[in-house]
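**Q** Here is how the chains run, residue by residue.
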Amino acid sequence: MMGNGKTVFKFFTIPQYRQEEDYLSAMNEKGWRFTGVTFPGFYHFEKSEPEQAAYRLDYNREGIRDKDEYVQMFTDCGWEYICDFVGYSYFRKQGAVGEEREEIFCDDASRLDMMKRVFRGKIIPLIILFVSVIIPQMFMNTVGNSVGIKGWGIVRDILSFTFLGLAILYLVIFSVTAVQFYKYEKLVSGDSSGIRLKYVSVFALIGVMIAGIGLFFWLSYRSSYEVTENAAGYVVKIEKLNTSIVKEYDLKKGDAVRFHIAEFERGHLYLSVTEIGKEPVFYSDSCNFGYYTYEIQNDGRFRIEISGKKATGIVEVTIE
Amino acid sequence: MDAHIKKVYVPMTETGFYILLCLKEPNHGYGIVQMVKEMTEGDIVLAPGTMYGSLSKMEKDGLIRFVREEEKRKIYSITELGSEVLNLEMKRIERLYRNMKEMR
Numbered sequence: 001m002m003g004n005g006k007t008v009f010k011f012f013t014i015p016q017y018r019q020e021e022d023y024l025s026a027m028n029e030k031g032w033r034f035t036g037v038t039f040p041g042f043y044h045f046e047k048s049e050p051e052q053a054a055y056r057l058d059y060n061r062e063g064i065r066d067k068d069e070y071v072q073m074f075t076d077c078g079w080e081y082i083c084d085f086v087g088y089s090y091f092r093k094q095g096a097v098g099e100e101r102e103e104i105f106c107d108d109a110s111r112l113d114m115m116k117r118v119f120r121g122k123i124i125p126l127i128i129l130f131v132s133v134i135i136p137q138m139f140m141n142t143v144g145n146s147v148g149i150k151g152w153g154i155v156r157d158i159l160s161f162t163f164l165g166l167a168i169l170y171l172v173i174f175s176v177t178a179v180q181f182y183k184y185e186k187l188v189s190g191d192s193s194g195i196r197l198k199y200v201s202v203f204a205l206i207g208v209m210i211a212g213i214g215l216f217f218w219l220s221y222r223s224s225y226e227v228t229e230n231a232a233g234y235v236v237k238i239e240k241l242n243t244s245i246v247k248e249y250d251l252k253k254g255d256a257v258r259f260h261i262a263e264f265e266r267g268h269l270y271l272s273v274t275e276i277g278k279e280p281v282f283y284s285d286s287c288n289f290g291y292y293t294y295e296i297q298n299d300g301r302f303r304i305e306i307s308g309k310k311a312t313g314i315v316e317v318t319i320e
Numbered sequence: 001m002d003a004h005i006k007k008v009y010v011p012m013t014e015t016g017f018y019i020l021l022c023l024k025e026p027n028h029g030y031g032i033v034q035m036v037k038e039m040t041e042g043d044i045v046l047a048p049g050t051m052y053g054s055l056s057k058m059e060k061d062g063l064i065r066f067v068r069e070e071e072k073r074k075i076y077s078i079t080e081l082g083s084e085v086l087n088l089e090m091k092r093i094e095r096l097y098r099n100m101k102e103m104r
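If you're matching them up, the sequences are chains A and B in order.
So for the first sequence, our numbering puts the first residue at 1; every next one is plus one.
So for the second sequence, our numbering puts the first residue at 1; every next one is plus one.
Since the hints were made in silico from the structure, they are not lab data.
One thing to keep in mind: the hints can contain errors.
Claimed, not checked - Straight-line distance between alpha carbons at most 25 Å, and here's what the computed BS3-like set of lysine-lysine pairs gives: (1) 6(B) - 60(B); (2) 6(B) - 116(A); (3) 186(A) - 7(B); (4) 6(A) - 30(A); (5) 101(B) - 116(A); (6) 93(A) - 67(A); (7) 93(A) - 72(B).
All of these numbers come straight from a predicted model, not from anything done at the bench.
Only chain A is shown next, with the shape it has when bound in the complex (with noise of 0.2 Å):
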């Protein structure tokens, strides 16, 4: 049999193990005998004849503790251990399948208590972590501001859109357990109000949690300002800026554009002057409250700009 192995990459989700064995069961049946598994989902299999075998899964903890205790079980009802991999034990009986799936568990009872064990060993440590590390994160970094750090800007940024996608994936993962959990227990214990309310429960909270951070993003990368313009040149009231606000004005040798912010929040401001078509003659980062002044060194056509990053305040800009 040597060199006649071969490994397959298939990624089950925490509660699909239903699906797993089934798929362990045919490729038995296509001659491909199953010999292990290896992180993080890589399917060992050696060539043998085709024929038929049941594969059955169990979580347990304490079996994989007590493993010599646990597995004697298996092996003297007929199973065969193969192997561990993540808290699931593995285990075939060779042999028909017939019209009644041979199974590890005899009762409705035993395999609700096996969702729950899944449930306890698997999905509550992803439930910790989503709500004390990943939305605490998210949160922080998304609010947060860095103020005269240079760069601290885009590694926010960077670090908020990571924990946003580590939250979206923890809801879909989330989602994809509670419709799993759902089949199960409704396959178990047959279809009640109960378990639907359970179930419909547990989508309205991760609906709600959806809607939440969406919500909370557009509120922290929307702009919503308001321009007014006066003889002197304009200001720019500000609730919150993540965009450029942009003037054009023809200016001579000798005029000052004058920067003035009144009032300033939190988040970062930009400012600068630029002739059309040049460089930037003036330009100020993350500036805080104060006056910035430019004196315009030759007659032109200059772009007044002022950008900002979820910023709140007041800048007023006089031309003299």
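Since the structure of chain A is already known, use the hints to place chain B on it.
**A** For chain B alone, kept in the frame of chain A given last:
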């Protein structure tokens, strides 16, 4: 008997009932499987995942206790609490049986 035990074990599953019934004499999991198979003429074959899960749960809840290990098989026997629960179940099933007889 506290409320938790009553809630979980009264009424109990067929598997649970047979485990307690068989553990009046010390026995291991597979021994119970064989006894039940004999008693029911092969109708009930208890499965290993169910057996392992039920035995460890019952041990934790104090219905049975670990006696010793023999050739990698854990031998258990019923406790005082286990007998109490079993008696409750037996009374319930007896009543069920009586009523069934009367109505037939």
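**Q** State for each hint whether it applies.
**A** Hints versus structure:
no.: 1; hint: 6(B) - 60(B); result: holds, 15 Å
no.: 2; hint: 6(B) - 116(A); result: holds, 20 Å
no.: 3; hint: 186(A) - 7(B); result: holds, 22 Å
no.: 4; hint: 6(A) - 30(A); result: holds, 13 Å
no.: 5; hint: 101(B) - 116(A); result: violated, 39 Å
no.: 6; hint: 93(A) - 67(A); result: holds, 19 Å
no.: 7; hint: 93(A) - 72(B); result: holds, 21 Å
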